[in-house]
Each structure stands twice: as C-alpha cells, then as structure tokens.
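Listed in order, the protein sequences are those of chains A and B. Residues in the first sequence are numbered from 1 upward in steps of one, following our numbering. Residues in the second sequence are numbered from 1001 upward in steps of one, following our numbering.
Hints listed in this document are in silico derivations from the structure and should not be mistaken for laboratory results. Take these hints with a grain of salt, some might be off.
As the list claims (entries may be wrong) - Below, a list of computed lysine to any residue pairs in the SDA-like style, where the Cα atoms sit at most 25 Å apart:
no. : chain 1 : residue 1 : chain 2 : residue 2
1   : B       : K1126     : A       : Q66
2   : B       : K1452     : B       : K1126
3   : A       : K145      : B       : A1008
4   : A       : K152      : B       : M1671
5   : B       : K1442     : B       : A1421
6   : A       : K55       : B       : R1017
7   : B       : K1126     : A       : V8
8   : B       : K1016     : A       : Q66
9   : B       : K1016     : A       : R20
10  : A       : K7        : B       : R1017
11  : B       : K1016     : A       : D83
12  : B       : K1430     : B       : A1449
13  : B       : K1597     : B       : S1631
14  : A       : K145      : B       : V1283
15  : A       : K145      : B       : K1597
16  : B       : K1059     : A       : R20
What the hints assert, rightly or not - Quick look at which bits of chain B chain A covers, simulated, 3 or more residues with Cβ under 8 Å:
no. : stretch
17  : 1038–1049
18  : 1201–1215
19  : 1502–1516
20  : 1699–1712
To be verified - Which bits of chain B does chain A cover? Going by a derived footprint, with three or more residues having C-beta under 8 Å, they are:
no. : stretch
21  : 1008–1019
22  : 1087–1100
23  : 1677–1684
C-beta: ideal position from N, C-alpha, C; glycine also.
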Amino acid sequence: MPSVSMKVNGSEVSADVDARTLLVEYLRSDLGLTGTHVGCDTSQCGACVVHVDGKAVKSCTLLAVQAEGAEVTTIEGMAANGDLHPMQEAFREHHGLQCGFCTPGMIMAATDMVARHGKDLDEATIRRELEGNLCRCTGYHNIVKAIAAAAKAMG
Amino acid sequence: MTDTGIGARVRRKEDKRFITGHGNYTDDINLARQTYAYFLRSPHAHATINSIDTAEAAKAPGVLGIFTGDDLAADSIGGLICGWLIHSKDGSPMNAGGHPALAQGKVRYVGNEVAVIVAETHAQAKSAAELVDVDYSVHDAAVDTGSAQASGAPQVHEEAPNNTVYEFGLGDEAATNAAFEGAAHVTELDIVNNRLIPNAMEPRAAIGAFDQGTDAYTLYTTSQNPHVARLVLSAFIGVAPEHKLRVVAPDVGGGFGSKIFIYAEETVCVWASKKIGRPIKWVAERSESFQCDAHGRDHVTNAKMALDKDGTMLGLRVKTIANMGAYLSTFSSAVPTYLYTTLLSGQYNIPAIYAEVDAVFTNTAPVDAYRGAGRPEACYVIERIVETAAREMGLDPADLRRKNFVTEFPHVTPVIMTYDAGDYHASIDKACEMIDYSGFGKRKAASEAAGKLRGLGFSAYIEACGIAPSAAVGSLGAGVGLWESAEVRVNPTGNVEVLTGSHSHGQGHETTFAQLVSDKLGIPVDQVEIVHGDTDKVQFGMGTYGSRSGAVGMSAVYQACDKVVAKAQKVAAHVMEAAEGDIEFKDGSFSVAGTDKSMAFGEVALTAYVAHNIPEGMEPGLKEGAFFDPSNFTFPAGCHICEVEVDPDTGVTQVVDWVAVDDFGTVINPMIVEGQVHGGIAQGVGQALTEGAVYDTESGQLLTGSYMDYCMPRAVDLPELRLAFTETTCPSNPLGIKGCGEAGAIAAPAALMNAVTDALGVADMPMPASPQNVWAALQGAKQAAE
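With the rest of the complex left out, here is chain A:
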C-alpha cells in the first residue's frame, strides 16, 4: 500500500492507504474528520469540499495520494482558537442551514469564493459560483445572504 503524508488542519499526518482511497475517505475514515460529507457519486453535490493548498476542491474527486505533501483544511479547521470563522458565523446569523449536511461544503466553497472575488460579491456572482454545491433545504435564499454578509465581514 502506498504511504501518504500531508498537513491537515495544521497537523502533520501520514498513513499507508489503499491506492484507490479517495481524499474524502481518508479524511473521514482514517482521520475521523467526519465533518466533510459525501452526498453523491458524480462530483456534483459539493458536500465534500475542502481546501487543498488554499483552493476549494471536491475531496471525492481526488485520491488521497494526490494530496501528498499538500496543506488541507477541512470544516473542523475553520474555527481558530474557538472563534468561529466569519463565514461560519454568517451561516448561523442568516439561517443559511437547515439539515446541515451540505453546510460544511458550502462554507468551504464560499470562503474560497470570497478569497477570489473579495468583499463586493454581488448576488448574481454568488448564485453563479454556487453551481457546484447543492442544497435541498434552504432554496439557497439564506445561503446567498450569508455569503454576501461574510464577504463584507471578511473584507
């Protein structure tokens, strides 16, 4: 079995994994980071989005071994020293989640969105950029509001 090493949420980790292990499987099963979810099998839903070297990536689309040497941040790594990330805070403040299953992927995709577009994200851009994240509960209404508010807070 190949071995893989990476930094996850600031900690160095390494393991021998079956070569076919997906990054999301490694995070969930080997590291016990179950905040990253699997909602589909065609890389459509976005529940599994994490940051790999600072970019939003669908962790069901990447083998664990492809993340060799990378810095990975999952939803569990977003709150620093117990303080919520502004995007997490905005999702709560604006009721941007209901069942919570898509939420980690939404938050990870949204922070990447803000990093690329800055604080003046408009609604149309947010809606277009959410193409890769499905939510069945909220109708996206409050997710859009939360991301816009977080963008301002992060700006």
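Given the coordinates of chain A, work out where chain B should sit on it, guided by the hints.
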C-alpha cells in the same frame, strides 16, 4: 414572555455543531468490529430469478456472509408493509402484493434488492457482489402510468389484476353530474404531475448491531420517525421484539418524506447483524438513492370544472391514475386518496365534487409521500384549472378566485374536510399588492421590447396538515394513530429536558421547541435541551412529516408544561403558605398575589426534588408527560404569485419574481418559518422548472439516475423570494399553529406553470418547463396558429 419565547427570531441552537463539522449523522457513527453491507440489485425492471449462485463471491477477500430472500424466509422475516388500507369504490380492500426485503422469485424494478454481501470493508463487499451469479428470465415491463391498466400490459403482481391496486372514489357522483348539466362553461384539462426523486442531501444509511449479551438489537438509521420504524420492524416484519430493539435516528440530513418509510436495507442490516455477529453498516451511494428511495407524485389526471356564466363554480370532476411503483411503500396508499382527493376543493366553495383515483403497479421504484404528499397534486389540479377557466372565460384570474373563496368557517367541503379558519381574501390581496399586479402589463411590455415573453401565475393553495386526529384517520384505514407525545423533565437545578416524539432533520426543533418551553416556563432557551430520535430515551412518538411537529408535537410539549406548572404551583403555595389559587406564575416566578412573596422556578424545582417540604401526599420530583391528539387537521393556506420571463429563442425560463403570502396561524420563530417556505418553494420550483424522473418506457431503466441527468435546482434557478404572513388562529390545537413545512412545495408548481403558460399563450404544457419542453410548446403553438 422571555425574549427567546414565541415569536422571537432566535438563532438556532443546533447550528454550532453543523457549521463546525461536528454533526453526528448515521455515516459518522462507527462501531467496534463494524462490517459493511453492499446490496446486489436487479439490473432488470421485471424478471424471474431462476437461481442465485453465491459460491464464488463467498470466497472473495473479506466476505463474511451473503444472504438472499430465501434466508429471510427461512428465518420467518416478514415482508415490508403498507400501513394504510384503502378500499375501492365497490368496498373491496386494496390489492397489495408481497414485498420481501430481499427479492423472492421475482424482481419488479431496476434496483430491487436481490442479495446482500457483508464484508470487512465496503470495497470488498462491492467487489464481491460482481461475483454473484444471478440467472434471470427477463419479462416485458409495465412502466407508463397511464397505460399500466391496459389489457395485455405486463402484470407486476399476481394479486393485482390489471395492475390495479384500488379504484377509489370520493364525493357525490350524482350531484356532480347534475352540476355539469346545463353549466354555462366547462373547463377541461389533462394534467401530468411529474415523478420526482426526493434527494435529501444525506443519502439513507443504517447500522444494525446485535448484542449477544442482552439479545438486543440497535439500529442507527436515517429516519424521520424512529419509533414507527421500531414498531414496524418488530410487530410486522418480526426482526426483533419491540423491547429488544433500540432505534436511533441521530442527526438526519433532510428527509422530505423519503425517510419516513421502512425500507429493505435497514431491515436486512438489523437481521443480518445477529447472523454475522458483528455490526453491519450500509450507506447508500447516490445512485442507489435515485433508484431506491421512494419517489414522489406521478399522477395522470383528467379534470373538469363546471361554472356558470358569471364564473361561479358549480362542480369539479377529477379522474386520476396514480403510479405506486412496484410495491406499496409504507404510507403510499394514503397519498393519492386521503391526502389528495380531500383537498380538491381548494380555497373554493364548490358545491359538488367527485374524484376517482386508480392506483396502479408498475415496474418502477415505489412511490410514496414526498414533501406535500398528495396536496401538491391537488393544488396543481385545482389551481391550473381555475387559472385556465379564467383565461377561457376572459375573467381576471384573481377576481375569479375571489368570487369563489370560502369566507365562512367552519366550512365543510364535498370531499370530507372541515376547514376551520382562514382569510383567503387577505392573502391574495396582500400578494397582489406585493407583486404590483396592476403594473404587470407594463412589465410585460418591457419584457416584450427586450425580446422576452413574460407571464404571471397565481397559486391560491390550501393544504391539510398537522396530521391528524387518530380516530379520524383510523376510520379511513390508517394502521396507527397520529397523536404525539412529550415529556418535560425539570432538573433539580431548574433547567429542563424535553423529550419529544417529533424528529428534527432540518426543521430546527431544538430551537423552536425550546422557545415554547422558554415561553411557558419563563426560562431562557439555553436552559432547555430538546431530546429526540432515540427510542431508548423517548417513550414513543409518531415522528415528523405532514407539517405536524408544530401543531401536534409542540402541543404535547405545551400540555406537559401546563402539568409541570400546575404541580409547581402546588409546591410554591405550600412553601409560601398561601392558597393555591393565590399563586401567580409569570416570567419564571411564582408569587403570592398581593404580597411580595415569590419563588423562582428553579427554587420550586429544587424544593420538589429535595422533598423535605412538599404538600402531604405529593410525590417528589417535577416531571410530566402528555399525549396530544388533535381534534382536526390544520389548514394552512395562502397565495403565491410568480412572474417568469421566457426566452423564445432558447426556451429558457427565468423566474424573475416570487411573492408568497402564507397563513400558518401562530408562528414560533419567523426566521425558521421563512426558511421552511424558501425550501418548500425551491422544491416546488424544482418540480415545475427542472426536475423529473424518467424511465425508459420499454426497458424500465431509470434514465435520470444521477445528478448528471436529474436536474436539481441550483442557486441560479431561483430568485430572491419575497415573503409575508397573514394570521388566522387554528382552533384545533392550544398554540393555534397550522404548520409551514410543506406549503411552498404545494403552492409553487401551479404558480410557476400558470406563469409559464401565460407567457407562452398555451393552454397547458408538461412539467418541468425545461428549455426543451418550453421550446416544444412554443413550436406546437406556432404550428397550431399556422
């Protein structure tokens, strides 16, 4: 009241764990020595199983056991059940047909469970499944809803001749026929309500575990109603006795109906965990969700409305064929009957209605309740036909509705419902004002100048929810009563645990139920913990569906709180040496009227537990339970109006505005209720604009089996939604709540299709209004004009 009580926009207590990645969904749970199940499924829609050879697969790495329907039969494990017995017009009971958890002799749809492979890892189980050799004799499949009853159609179950499950009727046929005779105008529509796949974002999952020390089973599962799952698994399927089966539904990632039902997979995982002697986990791949979660809708309907020359409604006649799929799922039979035909009167005073529903078996996935369950189909029929009648008669669609609204309550409809309260004029007037109805002509002209077709559509919906009075549903064939239970446990330090039979899978009960308790007991919401979803903790409950948790579940909490206060009042009176009648309870404090004596709620709780100084004969402690059984359904209603712009060159429809005015009675938390409306509308827009389950009509293969093919609404498909509320109080529960969970999904499809057909100038077109369907409708209209 406290500032976290009824009516406050309290931020959700449950959010912290979800936004930090610490939710606890079924697939997040891993038990010691856990194994993995993979289900081998039928690749054919209809076939006889001649043999199943598992010898090679059993030798594959990691395989611990392979089981088939024969193994279930050998252990006398019963089939999956349908819990609502419907009778046909002639009085005969429905033709159900068997539903073994693993196929026995025949497979009846693509995805039907044939065998389960249990292995050390999921990958090993899946790989071994490829080595199972099943010899099938493939038969022709009955797929299409409308032709399933045709002579010569392939027969799905021997027990159901002509694939007919029942031929149901409701209403007065003779009176309805009489209403049509001599009517000045009759509007007729043939309507298809498209089949949907629920697609909660969390796929279904189950972990079955048998404890050899206690002979007890535990099932962790993605359920909306864990007690009902336990009851069905014990009493009917016979996996384990009820007291030896614990069902836990932890965090559940959305349900929308699809997680009400008791499916094959959890049944098999529980049963097989004893055979394997280790816990067994199964998690659906999304492809399995598409194939095997119970689907929704799938009606083919002919509807006729009779009106007099000034637009007064005289009668409604509806004939529907409802597709049940290959087997009767848990509540499937009730959906196109008592949840559909009973709402065909809409918001209108229609003197005569007659509805007939034929339920049919086909070689497709089972169909059962999906958000709204029967009521979206009813709303679609009545609101499409009213809008069409207005267009045919040259009447304003808002005015035609107003002319026929029910205005006096209680109102008994010809289809057995008693509407208890409402103000339908208030909601349509408010909606018209919000969307600037009178300014529509200008907006339409502006769109036309830009090369776009603009349309406006109404949906004045009503639904029946808060299900339901137990005796009433019992008389209609339900196998269970639909009350709810609650237990309020006050701790000695004065904080509170509430155990409820309702289940939250996105609805925010941990917040709203705590708000109710905050309001009733005068303590902050952070002093209230809501416990749900575990049959070892909560004694019994009917679960969450049919927008019932507020009206029924919270009413049980309300009653239990009243009992707590009543006992606490006695304790306070005793301690303060006052007459019980002189004790006032307000803002969390018991005081003696006319004095400065008072005791805080927590002090009284401690006194009750210490029990050194309580009234003689009183039991110590402060804990009360209640069962609440409502006296009627509740009737949320309102008016949605949407505007669309269609690009005639591409067929692309854009929803450009949406207003929703809803009457849900008392609102506990407006923020959460608005969220429910947003989500409901999105699912309704999904049905009308993007979604549709499609089977190949010859082979019965599911053509929309992934997110690549089944178009879920995305953020770009939805507009900003503008909401408002009107309020009439529901008289059938102490809180006056009507329920808000399904309204959006019920109202939205009709509003959207009324707007699209208005834009295109066509009488009807099939859902969804995809670019392809819109373009085809436009070309059809052009050809008809030429």
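How the hints compare with the structure:
1. K1126(B) <-> Q66(A): holds (24 Å)
2. K1452(B) <-> K1126(B): violated (51 Å)
3. K145(A) <-> A1008(B): Holds: K145(A) and A1008(B) sit about 20 Å apart, inside 25 Å.
4. K152(A) <-> M1671(B): Between K152(A) and M1671(B) the Cα gap is close to 22 Å, so the pair holds against 25 Å.
5. K1442(B) <-> A1421(B): violated (36 Å)
6. K55(A) <-> R1017(B): holds (24 Å)
7. K1126(B) <-> V8(A): Given pair K1126(B), V8(A) is violated - Cα atoms ~29 Å apart, limit 25 Å.
8. K1016(B) <-> Q66(A): violated (32 Å)
9. K1016(B) <-> R20(A): Between K1016(B) and R20(A) the Cα gap is close to 33 Å, so the pair fails against 25 Å, i.e. violated.
10. K7(A) <-> R1017(B): The hint holds at about 23 Å.
11. K1016(B) <-> D83(A): holds (11 Å)
12. K1430(B) <-> A1449(B): violated (29 Å)
13. K1597(B) <-> S1631(B): Roughly 40 Å between the alpha carbons, so the hint for K1597(B) and S1631(B) is violated.
14. K145(A) <-> V1283(B): violated (33 Å)
15. K145(A) <-> K1597(B): violated (49 Å)
16. K1059(B) <-> R20(A): Distance of about 22 Å is within 25 Å: holds.
17. 1038–1049: violated (count 0)
18. 1201–1215: holds (count 3)
19. 1502–1516: Our answer is that it holds, as 4 residues pass the Cβ test (under 8 Å) against chain A, meeting three.
20. 1699–1712: Since 4 is at least three, the answer is holds.
21. 1008–1019: holds (count 8)
22. 1087–1100: violated (count 0)
23. 1677–1684: holds (count 6)
Going down the numbered hints, you'll see the structure goes against 2, 5, 7, 8, 9, 12, 13, 14, 15, 17, 22, while the others check out.
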